[in-house]
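Asker: Sequence:
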Amino acid sequence: MENTDLFQLFVSIPGFFINILALFLLIRSRKLPYQIRILSLNLCTADSLSCLFLSLERSVFELITGISFVKYFFVLISSQTSLIIVTCFNLDRYLAFKFAMKYYTFLSSTKVKLTCALAWTIGPLITCLQFCSVSSAKFCETINYKVSTRISEYFFFLIFISNFLMFPYIMYKIKTCISRVEPTSQMQPREKSSRNQTTGQRTFKKVVVITGTFLGLYAPGMAWTLIKPYVANPQVINNINIGTGIFFTIAIILDPIFYVLRFSECRFQILLLRYKCNTKKYEEVLKKRNRHYATYEMETSLSHPVQE
Numbered sequence: 003m004e005n006t007d008l009f010q011l012f013v014s015i016p017g018f019f020i021n022i023l024a025l026f027l028l029i030r031s032r033k034l035p036y037q038i039r040i041l042s043l044n045l046c047t048a049d050s051l052s053c054l055f056l057s058l059e060r061s062v063f064e065l066i067t068g069i070s071f072v073k074y075f076f077v078l079i080s081s082q083t084s085l086i087i088v089t090c091f092n093l094d095r096y097l098a099f100k101f102a103m104k105y106y107t108f109l110s111s112t113k114v115k116l117t118c119a120l121a122w123t124i125g126p127l128i129t130c131l132q133f134c135s136v137s138s139a140k141f142c143e144t145i146n147y148k149v150s151t152r153i154s155e156y157f158f159f160l161i162f163i164s165n166f167l168m169f170p171y172i173m174y175k176i177k178t179c180i181s182r183v184e185p186t187s188q189m190q191p192r193e194k195s196s197r198n199q200t201t202g203q204r205t206f207k208k209v210v211v212i213t214g215t216f217l218g219l220y221a222p223g224m225a226w227t228l229i230k231p232y233v234a235n236p237q238v239i240n241n242i243n244i245g246t247g248i249f250f251t252i253a254i255i256l257d258p259i260f261y262v263l264r265f266s267e268c269r270f271q272i273l274l275l276r277y278k279c280n281t282k283k284y285e286e287v288l289k290k291r292n293r294h295y296a297t298y299e300m301e302t303s304l305s306h307p308v309q310e
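Converting from the sequence shown to the numbering used here requires adding 2 to each position, the first position being numbered 1.
Here are the simulated lysine-lysine pairs, PhoX-like style, with alpha carbons at most 20 Å apart:
1. K175 x K207
2. K33 x K115
3. K100 x K208
4. K100 x K175
5. K177 x K208
6. K208 x K175
7. K290 x K33
8. K177 x K207
9. K100 x K113
10. K290 x K278
11. K278 x K289
12. K104 x K175
13. K33 x K289
14. K177 x K100
By construction, these hints were calculated from the structure, which means they are not laboratory data.
My request is simple: use the sequences and hints to build the entire structure.
Answerer: Take a look at the structure:
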């Protein structure tokens, strides 16, 4: 096994198991909003496949297909499908802020599933156009730089740029919502207003960290895909490939944390699994989970009666 394969094995195995754990938690997390759950399931599936393909030796692919470098072809298919699904996440957030309740009236689980199916169709199809020679797994060089390859690279680059364009608008809308939260009546006392502002600020920070990290990790690789065909030095190409590959792998490992484990429902599921054999603790976590999702709490109502 070469050093490159050893390094890929070292970084891909943790990512694979984290994504498998995330998939298991998502299957159990029935209280998540359906669009979040469906998108997260598809994202973790794509990332799991990326890690699985990375962890396998090239000789395995050579044994199955007769072409050793086809490994990177499959890795690219799953990773670029992951990019499309993350963009769907950001698009969902953007449309929710843009159209509010009109968007949720239009949205349905069937439409989200169709969107994911489209992502799984477009990702492999456009990725296939990038490869001039699957046998060597090399992108087209300057001499035989096909139009199809250029189109596919610009397609993924535009998808990435769309995330850059949606990001500032989402930040603006969150900041606007925070600034509008003020105690204007007895029905919205200062304590409640302060709590709403804190929640809004926490949401703002989460979106900045999640989307900012995604953009930062993908930016070098997306820029490199446009520059790579015009670079002639093999050593430079190899070094930059390794560097951008590390960034992509980090993104794959962080995806289940940002898009699954950060949700309260998934964290509750972890606790329920942890205390599966401890009935007392299990019941406590279950009650805490039920209170978390309760739309009305009698204790709160009695301790803070409405002043008339």
